[in-house]
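Turn these sequences into a full structure, and let the hints steer you where they fit.
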Amino acid sequence: MTDGELVRRVLSGDTAAYDPLVRRWAARVMAVCHARVGRSDAAEDLAQETLLRGLRALPTLSDPDKFGPWLCGIATRTCLDWLKAAARTEISMSALPPSHGGESFEGNGGAKDPERQDEIRRLMTEVERLPLPYRQVLMHYYYDDCTYRQLAEQLGVSAATVNARLTKARQMLRERLGAGASAAENSDAM
Amino acid sequence: MQCEESLNLISARIDRELPADDRLRFEAHLAECADCRATAEAMQLQDAQLIRAFVPRRQAAASIAGLVAAQVTTVQRPRRAWWAPVFISAAAGFLLAVLLFQPWKKVIEPEKSDFVKGPTTAPALVTVGGLDIATGAVEIQLPGGQWQPMATGGRVPEGARVRTGRGVRCEFAMDDHSQVRVDQNTEIVIRTSRHIELARGQVWSSVARQPTPFQIAMADTTVTAVGTRFDVKRDPDQIVLAVVEGSTRVKTAELEQLVPEGRVLKIAGGRATELEAREVLENVTNWTNEILMKKSPDDPEVVARINDLLAHLAQEKVEVLGANEIRALGDHCVIPLTRYIQSPRSRGDEFKRQEAARIIADVAQPWCIPYLIELLSDKDGEVRAAAAEGLRRLTGTTLGRPSEEWRRGLSADNDSAVRRWKQWWAEHKGRYPGIPSEQENSGTGNLPVSGEAA
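Protein chains in written order, with the working numbering: chain A, 1 to 190; chain B, 1 to 454.
Worth flagging that the hints you see were computed from the coordinates, not collected in a lab. Please note that a few of the clues may not be correct.
What the hints assert, rightly or not - Here are the computed lysine to any residue pairs in the SDA-like style, where the Cα-Cα straight-line distance is at most 20 Å: (1) Lys352/B - Glu44/A; (2) Lys379/B - Ser12/A; (3) Lys168/A - Ala69/B; (4) Lys66/A - Ser12/A; (5) Lys168/A - Ala48/B.
Quick look at the structure:
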């Protein structure tokens with residue numbers, strides 16, 4: 001069933017039809033939020049807020065077939081509002097504790113080995129520190145298994161730009177993690 | 001092929017996006033370039049790490065989807081969707097009617113010339129209250145007598161039956177200071193000022209505190225309250241009790257239970273079912289708006305009702321729209337947002353309250369200054385600081401108290417600073433174009449104005 005068909009069913013009173021819609025778009029919405037705010041914990045709250053706002057605002061959606069891009073727009077606005085509020089509290093984002101300090105990486109595909117957990121945590125921290133265009137493309141890619149073409153449509157750029165940004169993002173991660181590892185090795189040696 | 005070009009193709013190959021046209025050239029380059037082979041290997045490993053790192057993130061997204069889906073099913077949003085616009089329309093209609101028709105300025109006259117004027121009862125009967133407000137023809141039947149029209153101001157004796165027809169609603173002021181509102185198509189028997197039988201229809205009661213319990217009786221069901229406001233609707237097959245304030249005790253042949261504030265109970269076939277409280281509560285008591293419109297705009301209940309409707313309008317906006325979309329509404333949103341911040345509706349939603357205050361501070365115009373001053377008394381430092389910032393923007397002064405002090409200030413200091421602002425406004429409002437000089441700002445203190453004032 002297409003997004004448009006599901007949206008029309010929700011609007012006609014079939015609440016259950018919102019279930020497949022949120023499951024279809026939750027990862028994309030999380031990617032938008034995580035990339036925008038750079039913190040996984042806040043991204044989860046904002047994604048939830050977005051999905052609920054989307055339902056409330058559904059009667060205002062003019063083209064039901066464009067539910068996905070419309071929902072991602074709500075996600076972006078929700079995040080921008082949050083960022084503005086966070087900025088006004090005058091707390092430096094860098095002063096905040098790491099977002100996934102208490103997060104368990106166990107589970108399907110997760111690492112149980114503490115060393116590997118630490119490695120993954122450092123990797124995610126560096127992903128969150130990438131400049132917005134690069135972390136945006138990287139997060140969309142790894143959250144949602146998109147093709148370059150789909151990513152290009154979502155981000156409003158060409159497929160070649162998606163390829164170039166993903167490459168650059170991976171390169172930056174290698175450099176940063178490599179530099180971090182070297183620094184740690186040097187510090188151990190001293 | 002240069003190594004620089006190869007780098008993008010390494011990425012594309014990992015992502016299964018390598019163009020067929022480039023495949024042969026790329027493979028040939030890799031075969032002869034050890035650096036690019038090493039890079040390809042490292043990036044392949046990194047891709048595996050990234051996939052692992054995002055597994056918990058994808059699981060979190062799936063959990064959130066499940067959580068939202070469950071919430072949607074639990075709260076049955078579409079049910080809300082049909083009544084919300086109806087309620088908002090009713091609210092807007094009520095506000096418009098109050099503002100346009102100013103019903104408090106009209107003298108309420110009986111609609112028919114043969115209405116009984118003055119006391120309705122024979123002097124020998126003990127009266128328990130009087131008809132205070134009516135939107136149409138109300139009829140009364142004295143014990144052993146005939147039905148006859150009743151004018152506002154008419155007295156009601158013990159044991160009298162009262163009925164309303166289609167579209168007619170009324171309010172009785174009881175001698176014990178309770179109020180009883182009667183909906184259209186309703187019939188009641190007023191046994192005493194504390195005991196009313198509901199034969200059919202709907203009544204809303206605001207009960208004065210007295211030692212004697214106040215009761216609404218219907219067949220085998222009795223609702224008892226001591227100092228409370230509640231609404232009872234009797235249909236042929238069910239009774240709906242909505243407790244607006246305080247608590248009530250409901251008793252039937254099969255059950256007896258306490259119903260606290262904010263709850264709505266449906267009693268049918270000897271069983272009680274709780275309904276979705278807040279939304280149903282507003283819906284079932286909406287009919288009293290027509291009676292409220294007949295009251296003075298200064299009546300505390302009218303003021304509270306209008307403020308709640310404004311808060312509700314703002315609540316709908318803050319839940320659906322982003323902050324910038326609300327900002328785009330301009331200063332029209334200042335009063336609703338102020339009432340939302342001050343309303344129990346925003347209790348516990350610190351983020352939305354603070355955001356609303358910031359929007360007000362950004363869009364407020366000089367006429368909004370009294371509302372900003374009201375917000376200086378808020379319990380949340382962020383709200384106070386935003387209001388102070390708005391005042392600074394509009395007036396060019398802080399009266400010696402910058403927003404940081406409002407954010408962290410002690411309540412005693414805040415109180416005296418609020419008094420200074422009220423005093424300042426009383427003295428300076430004439431300088432702002434479009435502000436009527438007689439505009440009142442209740443609670444203006446007498447403390448001296450700071451020398452920093454413009």
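Taking the hints in turn, this is what the structure says about them:
Taking the CA atoms of Lys352/B and Glu44/A, the gap is about 18 Å. The hint holds against a cut of 20 Å. Straight-line distance between C-alpha atoms of Lys379/B and Ser12/A comes to about 42 Å, which puts the hinted pair past the 20 Å bound. Taking the CA atoms of Lys168/A and Ala69/B, the gap is near 37 Å; set against the 20 Å cutoff, the hint is violated. Taken as a hint, the Lys66/A and Ser12/A pair is honoured in the structure, with Cα atoms around 18 Å apart against an allowance of 20 Å.
A distance of roughly 17 Å separates the Cα atoms of Lys168/A and Ala48/B; the hinted pair therefore holds under the 20 Å criterion.
Checked against the numbered hints above, the structure violates hints 2, 3; every other hint is satisfied.
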